[in-house]
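First to last, the protein sequences are chains R and F. Just so we're aligned, residue 860 is where the first sequence starts under my numbering, counting upward by one. Just so we're aligned, residue 640 is where the second sequence starts under my numbering, counting upward by one.
Treat the hints with care, since some could be wrong.
Unchecked claim - Distance windows between CB atoms, simulated:
id	chain 1	residue 1	chain 2	residue 2	range
1	R	Thr938	F	Arg862	24 to 32 Å
2	R	Ala956	F	Leu759	31 to 39 Å
3	F	Gln951	R	Val937	42 to 50 Å
4	R	Leu887	F	Ala965	27 to 35 Å
5	F	Ala1038	R	His934	37 to 45 Å
6	F	Leu770	R	Val898	55 to 63 Å
7	R	Leu947	F	Arg862	36 to 44 Å
8	R	Ala957	F	Val758	42 to 50 Å
9	R	Arg963	F	Asn811	30 to 38 Å
10	F	Ile1040	R	Ala957	47 to 55 Å
11	F	Leu770	R	Arg959	47 to 55 Å
What the hints assert, rightly or not - Derived coverage of chain F by chain R (criterion: at least 3 residues anywhere in the stretch with Cβ under 8 Å from a Cβ of chain R; other residues may be distant):
id	stretch
12	863 to 872
13	904 to 915
14	1011 to 1022
Quick caveat, the hints were computed from the structure, so don't treat them as lab data. These numbers come from a predicted model, not from an experiment. Even glycine gets a Cβ: it sits at the ideal position worked out from N, Cα and C.
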Amino acid sequence: MSLDLVRMVLDHQLVDVDGIDCGKVDDLELEQAGGKLRVRAIVAGPGSAATELWPFGGWIIRKLFGTAATKIPWHEVVTVDCKVELRLHAESFGLLAAERRAARWISRLPLSE
Amino acid sequence: MSKFLEIFLGILTAMGGFVEVGELVFSVQAGAKFGYSLLWVVLLGTIGIIVYGEMAGRIAAVTKQPVMSIIRARTGFPVGIVVLVAANLVSLLTCTAEIGGMAMVLSLLVAWPHALLLVLSVLALLASVWLLSLQWIERVFGLLGLLLIAYMVTAVRLDPDWTKLLASFAPNIPQLGPGHSGITYAYFVVALASSIMLPYETYFYASGAIEDGWKPEDVTTNRMVAGIGFVLGSVLAVALVIVGADFLAPKGIDPELPGAAALAPASFYGQAGLLTALLGMLFAFAGAAIENALTVAYNLAQFFGWPWGKEQRPQQAARFTSTWIAVFVIAGLVMLTGVDPISLVEYSIVFAVVILPLTYLPVLMFARDRRVMGSHVNGRLASGLGWFYLAVVSLAALAAIPLLILSHGGAV
């Protein structure tokens, strides 16, 4: 299958099997196979997208969001439409950890149920 | 019934957006300084916000893609993050100015300390967004913002020169009186246009449409909501220009403070008129504060791909929820330092126009792309108007900051 990676995949929304938003395609990992370039994995984690931001941008993003990046093997991708849909739950790829931490804080607020 | 409710989304965005504190200050001042002359800018800006509001709403209905997602997907991370940071700074600034405006209006109603009024405003906003669903926020602030109709009634009572008024909807340059320079006029052209096309309106409108679950068949509703809602808001702007021109200017009142405008309904309808106008302003400013706080959260979540939405349970959109809470708290703290809300209003309006081209271009490119929009792709009219307004806001963006400096914020 051929796909316009920059227009259709890079910087697009990731959604898991339940349709939950779980990050963006911040980068792509390619591999060479039989003389052809193929996508090996999707990289999610804003630290990886921000590497070349002039001059302190990358540093600020890495400080704010960390350098942790999650790699999702390309075969876990079900469809690529306006969003990139994954085969499993976000948690099984290690996505949404920061969201869970924020949720614990939110749960402590009054009337949050 | 649900169609009727959707109209509220338009009315809220238009009322809250058109008569937020900046638009009120600039419309009334425009009237007081230049008579009806700047009405053509109100017309120009209104068509502009309708064109881009409709486009963003149509994209949301057809593809469920909000504006900040499109900006990132179409411009990439490095350019996208510049737009994100700039757009969110402007929305934070605008939210801060609205809270300042709320406290100013409240101080005309009750003789409590200013700091207390600020804290109460922030607490009321936090409670409203925490407790009410998006639909109820729309209903409460949309309906109570309608009290601003007091200004329309007053404008008609002022018996304006209708022929001259209609003629001013065509571009014109007035006979400038002593003390009013061409640079000040140019500054008001840019600022008034910006206050009508504030970028958060486009972001909020599209995100709200997705939260309301619009589908491709809702594109006609979208067209109506964008049309009626924004036109209604601009009729209010026209009324405010009339109040400035025919009531405040002859009396030599400088309308720099938002409360000055309420003198007009007060003089015709006494205490009831005053109260209606002040409460209308209070709820319109509050509505705009909420929209701007939510816009910051929408933008951040949509850029980084977090779960988002006021319709989600707070725990399910935890970073989104934390963001709008933080915006209200930061805005309140900034106001408590004693900063002048009117200068905040001016800066927010001027910096807003600078980011408009970067907001509009990706929206236009997306709406013209048949591969993603299918049969709902832009027609000739939408694309033609889109390019025209992109040129208009680009010119305005280039001129905005030099004009702010040269005119000393419109004071020359």
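Taking the hints in turn, this is what the structure says about them:
As the Cβ distance of threonine 938 of chain R to arginine 862 of chain F is approximately 30 Å, the hint placing it in 24 to 32 Å holds. With their beta carbons about 37 Å apart, alanine 956 of chain R and leucine 759 of chain F fall inside the hinted range of 31 to 39 Å. The hinted range of 42 to 50 Å is not satisfied by glutamine 951 of chain F and valine 937 of chain R, whose Cβ atoms lie roughly 23 Å apart. Roughly 32 Å separates the CB atoms of leucine 887 of chain R and alanine 965 of chain F, a value that falls within the hinted 27 to 35 Å.
The given range of 37 to 45 Å is broken by alanine 1038 of chain F and histidine 934 of chain R, whose C-beta atoms sit roughly 53 Å from each other. Checked against the hint of 55 to 63 Å, the pair leucine 770 of chain F and valine 898 of chain R fails, with Cβ atoms roughly 46 Å apart. Range check, leucine 947 of chain R to arginine 862 of chain F: Cβ separation about 40 Å, and the 36 to 44 Å hint holds. The hinted window of 42 to 50 Å between alanine 957 of chain R and valine 758 of chain F is violated, with their beta carbons roughly 31 Å apart.
Checked against the hint of 30 to 38 Å, the C-beta distance between arginine 963 of chain R and asparagine 811 of chain F comes to roughly 60 Å, which is inconsistent with it. In this structure the supplied range 47 to 55 Å is violated for isoleucine 1040 of chain F paired with alanine 957 of chain R, their Cβ-Cβ distance being about 36 Å. Separated by about 24 Å at the C-beta atoms, leucine 770 of chain F and arginine 959 of chain R break the suggested range of 47 to 55 Å. Proximity of the stretch 863 to 872 of chain F to chain R, defined as three or more residues with a beta carbon under 8 Å from a beta carbon of that chain, is not established by the 0 residues found.
For a cut-off of 8 Å, the count of residues in the stretch 904 to 915 of chain F with a CB near a CB of chain R stands at 0, and the three-residue condition is violated. With 1 residues carrying a beta carbon less than 8 Å from a beta carbon of chain R, the stretch 1011 to 1022 of chain F misses the three-residue requirement, and the given coverage is violated.
Violated hints, listed in ascending order, are 3, 5, 6, 8, 9, 10, 11, 12, 13, 14; each of the other numbered hints is respected by the structure.
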